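J.: From first to last, the protein sequence lines are chains A and B. So the number in the numbering used here is just where the residue sits in the first sequence, counting from 1, plus 170. So the number in the numbering used here is just where the residue sits in the second sequence, counting from 1, plus 1445.
Just so you know, the hints here were simulated from the structure itself, not pulled from any lab data. All of these numbers come straight from a predicted model, not from anything done at the bench. Don't take each hint at face value.
What the hints assert, rightly or not - The following label-pair restraints were derived from C-beta to C-beta distances:
(1) SER1624/B x PHE216/A: 54 to 60 Å
(2) PRO255/A x THR1542/B: 30 to 36 Å
(3) GLY388/A x TRP1612/B: 56 to 62 Å
(4) LEU1606/B x ARG252/A: 41 to 47 Å
(5) TYR1656/B x TYR421/A: 31 to 37 Å
(6) LEU1741/B x GLY388/A: 40 to 46 Å
As the list claims (entries may be wrong) - Only some residues are given here: those of chain B computed to face chain A with a beta carbon under 10 Å:
(7) THR1459
(8) THR1503
(9) SER1514
(10) ALA1518
(11) ARG1521
(12) THR1564
(13) MET1568
(14) GLY1570
(15) VAL1682
(16) ILE1701
(17) THR1704
(18) LEU1705
Just so it is clear, CB atoms sit at the ideal spot from N, CA and C, and this is done for glycine as well.
Here's the letter readout for the chains.
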Amino acid sequence: MRSRVLGWPVIAWCLPLLVVLCLAAETKAESVTLQVTPDVMEINSFYQGHNVTVTGTLPAGLGAVVEVVGPTAEEHLRRKGRRGPLWMNVGTITVDGAPSLYLVLSSAADLLSGKLINAAWGFPALIQRISLSGDVQDNEKDKFKQQFLELKESEQLYGAWPGGLKVSPADNGQQKVTGTFWLPSNIRPDTYKVCLTAVRDGQAADRVCTDLPVQMVGFPAFLMTLAYQHGALYGILAVVIAIVVGFVMGYLFKGGGGH
Amino acid sequence: MPLSLYLPISGSATNILLLLGLGGAVGFLSGLFGVGGGFLMTPLLIMAGIPSTVAAATDSNQIVAASTSGTYAHYRLGNVDFKMGLLLLVGGVVGGTLGVQLIKILRAMGNADFVIKVTYVIMLGVIGGYMFVESLQSMRKTAPEEAKPREPQRPSVYARLVQALPWQMRFEKSGVTLSPIMPFVLGTFVGILAAIMGVGGGFIMVPVMVYMLRMPMHVVVGTSLFQILFTCINVTVMQAITNHTVDLVLAIILLIGSTLGAQFGARISRRLKADQLKILLASIVLVVMVQILVSLVWPPHLLLGHGGGH
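One chain only, chain A, in its complex shape:
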């Protein structure tokens, strides 16, 4: 019905255009691809951190950067200072705009060297996005942003691996990148973003992202629900278990001991 209304000349014009658009979209989709293994991270009783492998393709000759980014949330940290001979907490600094996790790998070391002024990735770009407020002077902010990065690195929640991606040739003028990063054991259940950026002349030429959900399963999930949704029951249960174990151990020792 509709084609009769529009008429054949319109279809004749539109069809090649559609074909071109579809082909362009396909080429674009194939130019940068990304796959994360495992695609869902499950935290069970024996989770102690886990390696995650990223594989991707991008046009040959381009640099590659993989970022793993957690959601941002306001964080309140204590500032330490000296009063007389003693070191203590002297104030609170609120950090805004910092992701809960930031891991970055690159194909070439110089992509993370900090020399690329307009780079949207890496620690220098991250520092630009972070803002500090609270008990901190303007002239101290750079120092404390650096301290914030060091704190997160010490907790394994931030990390940079220049040259951490391996590049190998692939078909159709593409290249393949592979890399592995360690998802630490202190990661919070959430949805994290893994992004692969193709870099040409220090600028992002293309970028593709995928979600990496991290979920608690099994006993840890059950325990978290109990602790947060039935706090009183959880507390009483903890005390009862403690008393029972204490008595059982005492009784066992009574049997074996010689008082």
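Add chain B to chain A, keeping to what the hints say.
T.: Coordinates of chain B only, in the frame set by chain A:
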């Protein structure tokens, strides 16, 4: 990292053997001296990577098990003075409530952390130093009649004051005659300090019983454990309800280690002389005091850190 277990409330994985070892060592001291071990376990857990708020709350949970086991062991040996323990406990609850209010005021004023650490250093320094010197002197004197009250040696102002208090009553197990006001007031004092310092208070309670209530060391240990048991039950339930910081998995591992350790400790405590026990406890108290003092004086690696702590 072999044998690691994920601790959901702590939000990280930790080695089971390390936790069992920590629990065992602290439980051993708990049984040996009648202290809850909170002042040792909390810093050790923080060193093992457990967040400080979770460490303090979980610690009180494992002390419930260690002190149940320890109290039971001492009860069988006839070393628990329930009358004295209950009076100290009532005082401890009153003191704990006052202490929590005091902490609120300190937090509002700013430097609660500083006050807490300085309280630790002063209390540990005074108690540890006094116990150490006193035990050393008494060991040198060859001390043939250990574990006996020594009132006749000290007709001091303090002794006369104690005797002048009303409602004097006999505490058979402890072999002392005192006014119930004494254990109540001292229990309140220890309760205030325990709330400020975020621990069961055993390491303050033991010297208070020995030096101020003049109780014999073996009864002190059992009675202290009895009082700590109830203090820590209260703290565990309150922490679970308000802060969700009690890690049951962590506590179970620690308490398996600590209950085993506490049994060994209670047995060895009977073989050691009172002065040897005191000098050992004094040394440990002093070591912890020095460690906290160093953390106060030594420049930190980073000038930014997470909140929390007690």
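J.: Against each hint, give a clear statement of whether it holds in the structure.
T.: Status of each hint after checking the structure:
| no. | hint | in the structure |
| --- | --- | --- |
| 1 | SER1624/B x PHE216/A: 54 to 60 Å | holds (57 Å) |
| 2 | PRO255/A x THR1542/B: 30 to 36 Å | holds (34 Å) |
| 3 | GLY388/A x TRP1612/B: 56 to 62 Å | holds (58 Å) |
| 4 | LEU1606/B x ARG252/A: 41 to 47 Å | holds (42 Å) |
| 5 | TYR1656/B x TYR421/A: 31 to 37 Å | holds (34 Å) |
| 6 | LEU1741/B x GLY388/A: 40 to 46 Å | holds (42 Å) |
| 7 | THR1459 | holds (8 Å) |
| 8 | THR1503 | holds (9 Å) |
| 9 | SER1514 | holds (4 Å) |
| 10 | ALA1518 | holds (6 Å) |
| 11 | ARG1521 | holds (7 Å) |
| 12 | THR1564 | violated (13 Å) |
| 13 | MET1568 | violated (16 Å) |
| 14 | GLY1570 | violated (15 Å) |
| 15 | VAL1682 | holds (4 Å) |
| 16 | ILE1701 | holds (7 Å) |
| 17 | THR1704 | holds (4 Å) |
| 18 | LEU1705 | holds (7 Å) |
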